[in-house]
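Starting from the known structure of chain A, fit chains B, C and D onto it as the hints suggest.
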Amino acid sequence: MSINEVPQNWEPKILVFACNWCTYAGADLTGLGRLQYPPNIRILKVPCSGRVNPQFVVKAFQRGIDGVLVAGCHPGDCHYSTGNYFTRRRFLIMNRMMEYIGIEPQRMQNKWISAAEAPKFQQVITEVTEEIRALGPNRKLRDDQWKN
Amino acid sequence: MLVIQKTKIKEILDTLAKEYKVIVPAKDGDTSKFIPYGDNTEMLLEENVQLPPKDVFFPQTEKMYKFKSKKNTMEIENLPIEGGKQLIFGIRSCDMKSLDCLDQVFLTKGTDEFYKEKRDKTALIALSCTKPKETCFCTSMGLDPQKAVGADVQAYDLGDKIGFEAITEQGKKIIASIEGQLSEESVVVPKFGEFKINVDVEGVPEKLKGMFESPMWDDISRKCLNCGACTYVCPTCHCFDISQEVRGEDGVKYRCWDSCMFGEYTQMAGGHNPRPTKKERVRNRFMHKLNYFVERYNMLLCTGCGRCINVCPVNMDITAIIKQVKEAE
Amino acid sequence: MEKLTQEIRKTAKEILEKGQANVVIGWEKGSAWYISTPVFIDKAEDVERLVWDEYCVNNLAKYLLDYKTVEGKVAIFVKGCDARGVNRLIQDKQVDREKVLIVGLSCPGMKDEKKAKELGKNAEIPLVKKCQECRYPEPIIFDIFLGEKGKKEPAKGKDFSDIKAIEKMSSDEKYDFFSENYDRCLRCYACRNVCPACSCRECIFDQSKSGWLGKANNASNNMFFGITRALHVAGRCIECGECERVCPVNIPIMLLNKKIIQDIDTLFGDYDAGLDPEGKLPLGGFEYSDPEEFM
Amino acid sequence: MGNCNCGSEPDIVIPGSNNNVDTTLLVPVRGKIIKIVEETVDTKTFHISTMDDKKPFDPQPGQLGMLSLPGVGEGMFSVTNKGENHIEMSIKNVGELTDELHDAEEGQEVGIRGPYGNGFPLDYCKGKDILFIGGGIGLAPVRSLIMHCIRNRADFGKLTVIYGARSKGDLTFKEDLFKNWPQVPNMELNVTIDRAEEGWDGHVGFVPSYVEELKPKPQVTVLCGPPVMIKFTLPALQKMGFADKDIITTLEMRMKCGVGKCGRCNIGSKYICLDGPVFTLEQLGELPQEY
Numbered sequence: 260m261s262i263n264e265v266p267q268n269w270e271p272k273i274l275v276f277a278c279n280w281c282t283y284a285g286a287d288l289t290g291l292g293r294l295q296y297p298p299n300i301r302i303l304k305v306p307c308s309g310r311v312n313p314q315f316v317v318k319a320f321q322r323g324i325d326g327v328l329v330a331g332c333h334p335g336d337c338h339y340s341t342g343n344y345f346t347r348r349r350f351l352i353m354n355r356m357m358e359y360i361g362i363e364p365q366r367m368q369n370k371w372i373s374a375a376e377a378p379k380f381q382q383v384i385t386e387v388t389e390e391i392r393a394l395g396p397n398r399k400l401r402d403d404q405w406k407n
Numbered sequence: 002m003l004v005i006q007k008t009k010i011k012e013i014l015d016t017l018a019k020e021y022k023v024i025v026p027a028k029d030g031d032t033s034k035f036i037p038y039g040d041n042t043e044m045l046l047e048e049n050v051q052l053p054p055k056d057v058f059f060p061q062t063e064k065m066y067k068f069k070s071k072k073n074t075m076e077i078e079n080l081p082i083e084g085g086k087q088l089i090f091g092i093r094s095c096d097m098k099s100l101d102c103l104d105q106v107f108l109t110k111g112t113d114e115f116y117k118e119k120r121d122k123t124a125l126i127a128l129s130c131t132k133p134k135e136t137c138f139c140t141s142m143g144l145d146p147q148k149a150v151g152a153d154v155q156a157y158d159l160g161d162k163i164g165f166e167a168i169t170e171q172g173k174k175i176i177a178s179i180e181g182q183l184s185e186e187s188v189v190v191p192k193f194g195e196f197k198i199n200v201d202v203e204g205v206p207e208k209l210k211g212m213f214e215s216p217m218w219d220d221i222s223r224k225c226l227n228c229g230a231c232t233y234v235c236p237t238c239h240c241f242d243i244s245q246e247v248r249g250e251d252g253v254k255y256r257c258w259d260s261c262m263f264g265e266y267t268q269m270a271g272g273h274n275p276r277p278t279k280k281e282r283v284r285n286r287f288m289h290k291l292n293y294f295v296e297r298y299n300m301l302l303c304t305g306c307g308r309c310i311n312v313c314p315v316n317m318d319i320t321a322i323i324k325q326v327k328e329a330e
Numbered sequence: 065m066e067k068l069t070q071e072i073r074k075t076a077k078e079i080l081e082k083g084q085a086n087v088v089i090g091w092e093k094g095s096a097w098y099i100s101t102p103v104f105i106d107k108a109e110d111v112e113r114l115v116w117d118e119y120c121v122n123n124l125a126k127y128l129l130d131y132k133t134v135e136g137k138v139a140i141f142v143k144g145c146d147a148r149g150v151n152r153l154i155q156d157k158q159v160d161r162e163k164v165l166i167v168g169l170s171c172p173g174m175k176d177e178k179k180a181k182e183l184g185k186n187a188e189i190p191l192v193k194k195c196q197e198c199r200y201p202e203p204i205i206f207d208i209f210l211g212e213k214g215k216k217e218p219a220k221g222k223d224f225s226d227i228k229a230i231e232k233m234s235s236d237e238k239y240d241f242f243s244e245n246y247d248r249c250l251r252c253y254a255c256r257n258v259c260p261a262c263s264c265r266e267c268i269f270d271q272s273k274s275g276w277l278g279k280a281n282n283a284s285n286n287m288f289f290g291i292t293r294a295l296h297v298a299g300r301c302i303e304c305g306e307c308e309r310v311c312p313v314n315i316p317i318m319l320l321n322k323k324i325i326q327d328i329d330t331l332f333g334d335y336d337a338g339l340d341p342e343g344k345l346p347l348g349g350f351e352y353s354d355p356e357e358f359m
Numbered sequence: 003m004g005n006c007n008c009g010s011e012p013d014i015v016i017p018g019s020n021n022n023v024d025t026t027l028l029v030p031v032r033g034k035i036i037k038i039v040e041e042t043v044d045t046k047t048f049h050i051s052t053m054d055d056k057k058p059f060d061p062q063p064g065q066l067g068m069l070s071l072p073g074v075g076e077g078m079f080s081v082t083n084k085g086e087n088h089i090e091m092s093i094k095n096v097g098e099l100t101d102e103l104h105d106a107e108e109g110q111e112v113g114i115r116g117p118y119g120n121g122f123p124l125d126y127c128k129g130k131d132i133l134f135i136g137g138g139i140g141l142a143p144v145r146s147l148i149m150h151c152i153r154n155r156a157d158f159g160k161l162t163v164i165y166g167a168r169s170k171g172d173l174t175f176k177e178d179l180f181k182n183w184p185q186v187p188n189m190e191l192n193v194t195i196d197r198a199e200e201g202w203d204g205h206v207g208f209v210p211s212y213v214e215e216l217k218p219k220p221q222v223t224v225l226c227g228p229p230v231m232i233k234f235t236l237p238a239l240q241k242m243g244f245a246d247k248d249i250i251t252t253l254e255m256r257m258k259c260g261v262g263k264c265g266r267c268n269i270g271s272k273y274i275c276l277d278g279p280v281f282t283l284e285q286l287g288e289l290p291q292e293y
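Residue numbers (the working numbering), protein chains in the order written: chain A, 260 to 407; chain B, 2 to 330; chain C, 65 to 359; chain D, 3 to 293.
For reference, chain A alone in the conformation it holds in the complex:
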């Protein structure tokens, strides 16, 4: 299949690393508030956004994810006081790295979403989904030689 071909009924698959204390709670609140967002995301709860090792992201792309969002508490709000500052440094580098090797920047995003920011969660997920939908399926880094 050519790299640009979009299969029928394709839907973006997006992996969201959500920190336990803010973003995951924010996602919960979004649901409780009946705020609709695209069902394209798979949420993976992590204790802190600082737990997200960049290799998790590469692995996700290998296994067929179309986009990754790493989300955590706003700077200053980290449950562990400084975890997300480490995340910020790490992903400032990581995001540029991924863009550098040819992953479109929309596919590798970070956002701070607090436990109270249900509308923001809704908005971010909607935006990210639409951005990735526009890009089409990701085949870069994909390890698909095992499918046959």
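In case anyone wonders, no lab produced these hints; they're calculated from the structure. Check each hint, because a few of them may be wrong.
What the hints assert, rightly or not - One-sided excerpt, in silico: chain D residues whose CB lies under 10 angstroms from chain B:
| id | residue |
| --- | --- |
| 1 | GLU254 |
| 2 | LYS263 |
| 3 | TYR273 |
Computed from a prediction, not measured in an experiment: that's the story for all the values here. Just so it is clear, CB atoms sit at the ideal spot from N, CA and C, and this is done for glycine as well.
Frame of chain A; chains B, C and D shown alone:
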């Protein structure tokens, strides 16, 4: 001898490509290796390529079978072994010899079907060498750079022409299929240039048998980085690992090249490792090449291609080691 | 350099005879004129093996790890890049400063062994790429210094032109470029094994059972290896370029490392790894004032 | 070495060749665990047969089999016994695969291929008095020969077993040791544990010293156990005057292919999977000490 202008070699390959998947030595990015011949292939006929042809017969990663597992059940599904009729053009004496070594491993004492399938279906046109590289030493290993063992056709580098001589029945058929494009000429096969490396391997395998405990191994292994570069560029190194990839219920069992330089290679469940440090690993590699294989199959596991010398980051030079063995008391 | 070779031998002899160290790590002549290779001298009578010429390209710092659990002191000859490598290992608490006797040498820049092989003895052999770009030819840490300083004019500023050229490509062009390069990767791990910033006792890539990286060789897995390794040495790469030099299939590995170095400089301020053994690592900490892009 | 078959070239049986023409050397056949016997806290014996209730292959005593658990991996184990329709493998929980195997239940399907290796020199042992020495899980490979001797009792002389384990709980094959084997004619059983413990009125002490104490007089000795046991038992045996060719042991190494191709299980020029795992002390003396 039947010859063709080097500039017209592509015409012959095009003819052969009708019947075979043709594989040629060519540039590949900043390196060179044997790759399927196509319109844009940058062929490399002046010197041997940097990577050996072993992956044509023994790919770095090769699927063996699929399996499916649910709860406590499993199914095994055999995969068709890949491999249609193919032909390697331009394989050198050293690499032809390496196939002889690999044949011993994969075709004797139990036939390895994955290897055999590809080996049986591959015709071989060997190409003579005229100019040895800095690191070449095939003559020291008893090879003739202008006459390969086991080739179907021996081709000769005649400067601006290439000459062909059929060796086997299959070779005769190959020549017959391209005969129209060749012309008969009387030629003189040029002598090959001087080898920079000459080493005498006579008696080394026998002598090594008594040198397992030699302090020499401590000395030569110290600078080794235990990377697998030498083993992966070696045309005769054939160690492999068997592993698997699993996606949900589906799994694929594959084998892939492994290297005796890696610690994990001999690491046993439970923690014991019979070759725990670089000394044991380096010793095993050179003993395997120069003694164990000779004991087992009566031939050296080194063809003098010089690739390991070429890539080793710390200049672990097998010829230097042979000399050291020779000189040892 | 001939004179310096004599001095090196004399110094090594003294070190061993006086018992200042049990072993001296330096270079000896390899099996061809264009190769000098690491050597380990434990006996004073062997010091004649030591040489110093324009092919002493190997970074020796990594070998200190082999002596991590060995009793006694180790003496090591260092060029600029080796010194930064030693510093890095000290900074990571991999090597005890007290256990190493560092003998500094001013580096004139080393010649390209691959080019030498091609061009022959009589040709003008260019410097290896890493030496052309080197900004620290002088060792920044040593106990003894031999010879004179200033053998090579350090490069002015970091040259990121190759990085910038890639950044200008489209996403697909970038990916094609890197995946074609990494498709060739044999995963021999020479780059990792030679790297003075790679000092994990157990490396993730040796743990095939953990499932992070299968042993199967394909562009995807190889890029996982390349990217992960680049990020593991982020902020710790001393730009010695050994990874690229040792690659048997000539993958431009430094393009990943230099990209990270460039971004660290722009985002968090100029940083050179391996200069200050006490300093904080750029990715081992943070500033409250770091750029904010994730609001 | 006369009729000893230790060093001979074994014929390689292509696994599964009887039921699937397409299989190759490295592809297992589908089988299942039909019975699991808990030997000790960390050792279980698995009875394995094919899906159609046949013996996966017919191993000679001392030979090996490659057992795989789908999705986990493959491992080489000695076959400790065979029945009409199954083979038995005793497996200690030491790593990832063995851990998963210990979690398996009866009915679990597995991949199995073999037999590999040379096996014990049956012809050489025929008609002789045999001493079996085992330590811990090391009794597993030795047991394959003991069971063979018991099945063909008339072909062998006196059978003596000296077996030791760390504690009572670590003794494997308790049913054989205390129930089945004592019934066998002309068979002597000597069981020891390292340290005295409550409820144990048998011998206490290490295997090597027990061997010296018992002064057995067999014609052939077969031993297997942890390296430290072998290290101290061998000199004891040699001191008692046994010839190296009459002391037989079985080795293990990491293996992947089982057919002498993947390279890793060599000791010198010998591959454990082809030329071993059974070696006489005489043969081992000719090999480098790298195992």
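**Study point:** Interface hint compliance - D/TYR273 to chain B, C-beta minimum distance less than 10 angstroms
**Key:** With Cβ-Cβ at 8 angstroms, under 10 angstroms, it holds.
Review point. Holds or violated: D/LYS263 as interface residue toward chain B, Cβ cutoff 10 angstroms?
Key: holds (6 angstroms)
Point to revise | Agreement of hint D/GLU254 with chain B interface, Cβ distance less than 10 angstroms | key: This hint holds: D/GLU254 lies near chain B, its Cβ roughly 7 angstroms from the closest one there, short of 10 angstroms.
Checked against the numbered hints given earlier, this structure breaks none of them.
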